[in-house]
Amino acid sequence: MLEIRNLHANVDGHEILRGVNLTVNAGEVHSIMGPNGSGKSTLAQVLAGRDTYEVTEGEVIYEGKDLLDLEPDERACEGLFLAFQYPVEIPGVNTNYFLRAALNAKRKYHGQEELDAMDFLSLVKDKAASVQLNEKLLNRAINEGFSGGEKKRNEIFQMAVLEPKLAVLDETDSGLDIDALRIVSEGVNQLRGSDRAFLVVTHYQRLLEYIVPDFVHVLVNGQIVKSGGKELALELEERGYAWVEQEAAVAS
Amino acid sequence: MIELATKSNAYADAFEQIEAAGGPNWLMPIRKAAIARFNELGFPSTRHEEWKFTNVAPIKKLEFALAESGSHGVTADRIAPFISSGATGGTFVFVNGHFDRSLSSVGELPAGVTVGSLAEAIAADAGLLEQHLGRHAKFDEDVFLALNTALMRDGLFVHVPKGLVVEQPIQVVFVTTSEPSATMSFARNLIVADESSQVTIAEVHVGLGTTPFLASSVTEVVAGDNANVDHYRVTREGELPDNGFFMSTTHAQQGRDCNVRCFVATTGGAIVRNDASSFLGGEGSDFTINGLTMINGRQHADNHLCIDHAVPHCTSWEYFKGVYDDDARGVFSGRINVFKDAQKTDAKQTNMSLLLSDRALVDSKPQLEIFADDVKCTHGATIGQLDEEAMFYLQSRGMSREAARSLLVFGFCRECLEEIRFEPLKKQLEALVFERLPHGDLFLEE
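Chains as they are written, first to last, in the numbering used here: chain A, 22 to 273; chain B, 50 to 495.
Simulated from the structure, these hints should not be mistaken for lab results. All values reported here derive from a predicted model rather than from experimental measurement. Note that beta-carbon positions come from the ideal geometry of N, C-alpha and C, so glycine has one too. One or more of the hints may lead you astray.
List time: in silico DSBU-like cross-link candidates among lysine-lysine, alpha-carbon distance up to 35 Å [stated by the list, open to error]:
#1 B:Lys475 x A:Lys157
#2 A:Lys172 x B:Lys425
#3 B:Lys109 x B:Lys81
#4 B:Lys425 x A:Lys157
Calculated Cβ distances over 10 Å to all of chain B for the following chain A residues [claimed, not checked]:
#5 Val32
#6 Gly34
#7 Asp87
#8 Leu212
#9 Gly261
For reference, chain B alone in the conformation it holds in the complex:
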């Protein structure tokens, strides 16, 4: 009999496994530094300021083993509901963190654009990796980011050279099965968009398993001068049972005059933590991040944003909405740092939460640290229940109370989903929201 790993060394075992697999010379020191930092930091308690409202004790208690490669019974039919039809740039499917070529399809892309498995790129020690992988998302103070950096295995690597425009959206789907025992997987994506290039990536995470799993995903976006990058992160972990623990980081490193637009959708998971950050390091750039969370049961979702305005004339826009039912719990934390020289910064942050039950709970925390004196920074947070006046208005026109309620919730969500420019994904999420509401005679618009 093989003795089960004890709690303290499951991650060490995993690291040994990764270390044994080898890799480029420059990568191993990064991994080692990351695992060392992970060990130093340990799992945060709720006394940690950044983890005050998100208790990761359930993750700490469980033992996860690195997921093995294989199809694990995942078929094209099974994942079809999570795939967007319009991703003509290609659909890349990863099962338990491993690239699955048979479930993937390559789309038409302009010559010169690289899109494929990061593990394969690492194995080939492709150019650009050494310069960018693990260099932008700083793990010093972030335990799950450190863990991902130490144990990262595969994910999507995208490189769009200077001046190329990829009009076809690219989709990457991470499926976690977690059977037969609790597994963990560490997805890592690197998107490098060179000067004046453009690309759209939709990243979807789906949990299909019945045993608990830990899915970690880190995406580094490197946007060069005048580049445009759209990134979507959709978390549908543990949509069936509440067994998915999901920890993600999205970091955008931005040059001059570039636009990075993100959308973070969370529709399930036992504990979901989405960290998103941008370093606005070149003048005239914009970082826009919108998000919608819709959870119920005992699910927990935490969106943690941090934007660094390091230079003048940059704009940032955050618009996050959440709908919480039953005993669901939501957290929003939005930090905006405006550096001393970052004059003419224009930053706006909005967080709106809708509580559908008396037991649902939301903590919303804006944090603005402004060291420049000529800036425009606004933030606003609302937490409330359905507007009774609006309910009455709809009912007074003949709609049942239930239909009125559903329509208001749908409208609340839809207004946020409007920010999604990748139309098929928007429609898919609209349908998902709609299906979750008692809709009776209401219909979904085409």
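With the rest of the complex left out, here is chain A:
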């Protein structure tokens, strides 16, 4: 589904990603871990098409297409979804309105009929319930006045509505209490399936107790330096990142 080859990316002239290689197949859940500043969020943002990052080398093939050649909205319509680390507050724009417009943009892209207000509302009702998001929030401006946990649940809610093929979760667990973490994880687990893949960027191993990954990768200094199964996450939890960084330094 996704193949990242030797991806290099800069921000303001500083190289953040220094040759990332990663293959994700349909049905798999991959976790990207790593110390602060290792490039985890940059990778997530580059995949979604944020233009503050400049890709200088490498390629990303998604479903046989050159992902980097697509606009952010085209990527979304092709089935990519990014759950933001810091969801943006947008005053004056009603969440339901925006989501209906987004969903219909995607449906139109695929030649499907647009959903009318009634169908949309019944869809939303179900999905909001699945992440225990108060429906009243959906009639408010996007993320405005939402608590941290509500913002993150709103991301997962949007994901549930848009039903992406590849979902990138950028530190969706950070700052959540255990209840919110369970709800968010449950939302993700409900969507897991053989035709869908997840790239879960996290700083904390705890999330992976709830969203059990098939693969764990450690990103250090803009490169994936170690990959393994879910047990790697536990080892990182126990031993920290220093040993991986040392191994990487020795290897290079």
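Dock chain B against the given chain A, drawing on the hints supplied.
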């Protein structure tokens, strides 16, 4: 052949015309003092502090003649787009400053409430006029207000006696046609809300002509103790060509425990200047004024606010937003004067501007003069372009860049329009904003 009036005496000619028409004894001295003050002050240059960012030279250069009465081809169909459906208190239409009875409709109002043509009230020398007309909006330092006071002709006169509540919004529409030659008109409205009364007035200005025109409008609101007055000013001058010059003043004279809520919407005009002021002269009162400006091309809009907190325990709230595209230019000036005795004043001022082009320009100037020591006064101004992070967020959900841009601008405006309590007007302005944006597949919510 009649010789065209020279620049210097077009206004003097107009005054002669007004003077010849006569009027009540008490009014003529006010008019004379006003024209004298107008002549003394002259048109301000940009060296004048209050006119630093608004150059009225184009107005000075043009010659306007007082607009004649008549329908000037204005029909109900032509003005229908500017009329709000929900004004059950009545719709009063003025064409080039003259009341047009045939285009107007009177609504149902509680007995005792007066709503009608100010010119007719002046002719009849109705009670209250002498006490209030021209007595509250001070023209000493305001040249366009002076000119309006000298040349005012007609407009809406509203009187709501003590304890009466007018739940039906009243709408007044001023249409300027300005054909065949450049004309000027001076609308004057007086709203007197006695103790514990309530009324809502929506004032809409529309320019339909192809030649330049000067439209002036002054509204004096006299809010008695415990009264509630909502006033909306919508300026849609020169929406077609940029030929409308619009100068307005809204002044609220407030008693005790009263609330005056204003909204100033500007969606067009070559040069639009809206002065709004309140004198909070009784304790426990609130003045709220919100506004939205959305202009493009080479249009210019200047919102100039001045609030006097003269006594303790009053609140004021100003929330102005603007969206400027192309070469449009915006000005916001917000002065808050807190007098020495006005303790416990709570005043908040916010001005947010969105620039949609590299050439659009905004000047924002808060001015707080505080002489009391136990007050809460805050002000904030932001001027910026669309938030790229928000753009990316919307795009990352599948919306095109254009749709994302439109949605952000719409949201920016809508948040401000939410302050409008007269629902049909709010919907109308929302639709106007929406229509101006490339909306593709976006839809307008019902």
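Quiz item: If you check each hint against the structure, which ones fail?
Solution: none
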